[in-house]
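Work out the full structure, taking the sequences as your base and the hints as a guide.
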Amino acid sequence: MIIKKIIRKSNVLVLSTILLLNLVGISYGSSTSEQILFDTHKSEKIEQYIKEKMSEGKIPGLSIAIVENDEVLYQKGFGKTGNGRSDVTVDSTFITGSITKSFTALAARQLIGQNLMKETDEVKKYIPWFTLSKPDGEAIKVKDLMNHTSGLLPASGEEAYTYNAKYSLKTLTEEINRSEHTQYLFENDAQYSNLNYIILGHLVEVVTGKSYTEYVQGNILKPLNMSTSGFENSLEGITAGHRIVYGFTMKTEVPYPSGLVSSNYLVSNISDLSKYIMLLLNNGYTKSDQSIFQDNVLYPIDVSLEPGQPYYDILWNQNNSTSQGNYNGFYGAIGSTPNYNSAMLINQEKRLGIIILTNQSNPYNIPAITAQTIANDITDILLDQTPYVFESKSQISMWFFPIFAFVLTIFMLNEIIKTYRILLDTRKSKNFEGIKYIHGMEIFRGIISLIAYFGFPIVFDNSWRFFVAANPEVVLPILWIIVINILSVITTLVIRLKMIRKLGGIK
1 MIIKKIIRKS NVLVLSTILL LNLVGISYGS STSEQILFDT HKSEKIEQYI KEKMSEGKIP
61 GLSIAIVEND EVLYQKGFGK TGNGRSDVTV DSTFITGSIT KSFTALAARQ LIGQNLMKET
121 DEVKKYIPWF TLSKPDGEAI KVKDLMNHTS GLLPASGEEA YTYNAKYSLK TLTEEINRSE
181 HTQYLFENDA QYSNLNYIIL GHLVEVVTGK SYTEYVQGNI LKPLNMSTSG FENSLEGITA
241 GHRIVYGFTM KTEVPYPSGL VSSNYLVSNI SDLSKYIMLL LNNGYTKSDQ SIFQDNVLYP
301 IDVSLEPGQP YYDILWNQNN STSQGNYNGF YGAIGSTPNY NSAMLINQEK RLGIIILTNQ
361 SNPYNIPAIT AQTIANDITD ILLDQTPYVF ESKSQISMWF FPIFAFVLTI FMLNEIIKTY
421 RILLDTRKSK NFEGIKYIHG MEIFRGIISL IAYFGFPIVF DNSWRFFVAA NPEVVLPILW
481 IIVINILSVI TTLVIRLKMI RKLGGIK
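Numbering (the working numbering), first residue to last: 1 to 507.
Worth double-checking, as some hints may not be accurate.
As the list claims (entries may be wrong) - With a Cα cut of at most 20 Å, we get these calculated SDA-like pairs of lysine to any residue: (1) Lys42 with Gln75; (2) Lys125 with Thr171; (3) Lys118 with Lys210; (4) Lys45 with Gly77; (5) Lys143 with Pro128; (6) Lys51 with Asp384.
Just so you know, these hints were derived from the structure itself, not from any lab.
Here you go:
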């Protein structure tokens, strides 16, 4: 069970989009709101706070943008990219995690607006082979994918196989169809799962006849002039991902999983995402008073809507980090991958948006200092309130595997020493009775270790390289146990064979 959850996220994801279906005629910037006072003093206070939290949370690099209506109030990069130790700037790119899902929902809304598909249609209408392994699966509708009401399990969306770089959106959807099942008769019961947006991404491909990345590039990123954003084609120069491993910052590189392009792996920076958040703040209009929709179908966030009601896309919930209780009316999309973390918060009443991108993940500290907790506290600073103070604590569970690995290492070293001493005593006493070339337990240990080493990637459908990068806290001790066990068996065998040779051979 622990291994099946090997790919963990740093926070409970509060995920979403404000892409709400209805016809509106509101032009860009027409909304009025009380403007906040953003001056040099407030800017300096934010910078000081960010530097303190980066140091406390051991975050290598961070970039932030604060947007009001159609203007960027503040943009800045902090720390290092991890690539040659260069400075993070507003143009430094990061993997945005589940913020990607809002782009996928936006793409789906465009297609619905163009009558290329209906949200009430069953997915199998467009993908005939999509039935899942349980009968309820074939009844999943387009809106169920968008609203996370499909019944697909949250834990299944974090299985290692979904990160396998060999899977495309289509082949990963086929694998999901073959191996997954629904938990309940969905309807109004929403629960978040990456699987929904993997399938929705492939649905975009089927309906448009284009790859998901091609469609999003041409119909969202290009019209918004998000020139640096993209997917695998935008990885060059990206900030290096990091992870806190037993209290130390470790640079990690997860092979790019093409099957997760529609759920987790948009590459972007705060310069581009500032343009995107302006679109969300201003009813789907760009700064040039144009909309990327055929009939501007974005609608302001209606906080009274509940999951499953009309015009509601995915879990656009009140920002509810456990780190503080005052959310200041901000709603958000929180993104996390094994080595990146991000937050995009919006307050429509105040016409404010905050984007924070970091190149670090810290899942074994609860609560951890993350993009979300930093964004939460910046909302306090913007509104002249005192940021919430919390103490980040490490989970004891992360020490189970290294302690277990240490104990087993001591045991195996003791076995090697004990074997050597027995053979020495045998040599002195010349009592060769019971001495064998190899013991059955050693054969068993060696076989089990080899099966584990070669079988682990097969069972969980991914490579050791991925496992080590994605969850080194658990995987490194496991890999150490496997390798040290094989080495101890080989060492013990070599010692015995050499000693037996000196004794003139034993039958």
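Checked hints:
1. Lys42 with Gln75: 13 Å, holds
2. Lys125 with Thr171: Holds, at about 18 Å.
3. Lys118 with Lys210: The given pair, whose Cα atoms are some 18 Å apart, holds under the 20 Å limit.
4. Lys45 with Gly77: With Cα atoms ~15 Å apart, Lys45 and Gly77 stay inside 20 Å; holds.
5. Lys143 with Pro128: With a Cα-Cα distance of about 17 Å, the restraint between Lys143 and Pro128 holds, given a limit of 20 Å.
6. Lys51 with Asp384: 19 Å, holds
The structure fails none of the hints (numbered hints given earlier).
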